Amino acid sequence: MDSILIEHTNHDIYFSLANDNLVNAQTLDREILKSGRVARMGKGDDRYILSDGNPETSSWLNLKLLQLKKLVIPSIIFSALTAEAFINYYAISKGMSMKKIKMFTAKHYESELMSSAETQQQYQLPYDHVQRTTIKKWIEVTQGGVLISDTVVRWIEIPFQYTGNYIPSGLDGNRIYQLNEIFKLRNRLVHHKAKVVKLDLNDLDLSSAEDNNYVTLREAKTAINVVIKAVESLQEIDNNLDLSWLSQ
24 MDSILIEHTN
34 HDIYFSLAND
44 NLVNAQTLDR
54 EILKSGRVAR
64 MGKGDDRYIL
74 SDGNPETSSW
84 LNLKLLQLKK
94 LVIPSIIFSA
104 LTAEAFINYY
114 AISKGMSMKK
124 IKMFTAKHYE
134 SELMSSAETQ
144 QQYQLPYDHV
154 QRTTIKKWIE
164 VTQGGVLISD
174 TVVRWIEIPF
184 QYTGNYIPSG
194 LDGNRIYQLN
204 EIFKLRNRLV
214 HHKAKVVKLD
224 LNDLDLSSAE
234 DNNYVTLREA
244 KTAINVVIKA
254 VESLQEIDNN
264 LDLSWLSQ
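Under our numbering, the residue at position 149 of the sequence shown is numbered 172, and the numbers go up by one with no gaps.
Simulated from the structure, these hints should not be mistaken for laboratory data.
With a cut-off of at most 27 Å between alpha-carbon atoms, the simulated DSSO-like pairs for lysine-lysine come out as follows:
1. Lys92 with Lys66
2. Lys244 with Lys92
3. Lys92 with Lys57
4. Lys93 with Lys244
5. Lys66 with Lys93
6. Lys216 with Lys92
7. Lys207 with Lys252
8. Lys207 with Lys93
9. Lys252 with Lys93
10. Lys216 with Lys244
11. Lys216 with Lys87
12. Lys207 with Lys244
13. Lys130 with Lys252
14. Lys130 with Lys117
15. Lys207 with Lys123
16. Lys57 with Lys93
17. Lys92 with Lys207
18. Lys57 with Lys87
19. Lys117 with Lys252
20. Lys216 with Lys93
21. Lys244 with Lys57
22. Lys87 with Lys244
23. Lys252 with Lys125
24. Lys207 with Lys125
25. Lys207 with Lys122
26. Lys66 with Lys244
27. Lys252 with Lys66
28. Lys207 with Lys130
29. Lys252 with Lys92
30. Lys87 with Lys66
31. Lys252 with Lys123
32. Lys130 with Lys216
Model, not experiment: these values are computed from the prediction.
Construct the entire structure; sequences and hints are all you get.
Right under this line is the structure:
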């Protein structure tokens, strides 16, 4: 019997939303700098410093920072959603059920409290050019176990299930670590905790008033680039993947 394949996907939509917000954030960043009212805080730093002490300039910058935040936050969140949706789509397209997909969890890598040497010996993952690297190189181990996203576990294990290979780790050997960092950042934004600080004007400590959930344009750029590299790395070991959605 003739058949037709129908796919309902979201990773392409999520990526478009991440990219559109990033492009708009970059445009706003250029507008802020071209105003001449601010300068970069330092080389390699995408934060701003006021060019004068005018209160009106400070108010103007605060408004621009709020506008920038409204673009950067969704870009980061949708970058993470792209990675999550795509690895699920990849597994489903190979015939894996959602029930089995959900079995790939961080519990697979949990550890009891042990010495650094014991941890390095027990947790070995093939991610560098010699196909061996310790989990200690790219993941944080605490008394509660390994802080790794369930989605990242899927990126580790599901490609191996179907290709017999792990995704290439990149020149610096930390692609999986970077992917995990994106999900940590996404979770921090999604599960945001409000912060209210009462400053003592007689003992002013501005560091206590810093926004713990402040995110930068650089972080948004990194997030989307890591997702692109992860997807392209998967294509390196499975050339049947169609990545045309990355450029749409």
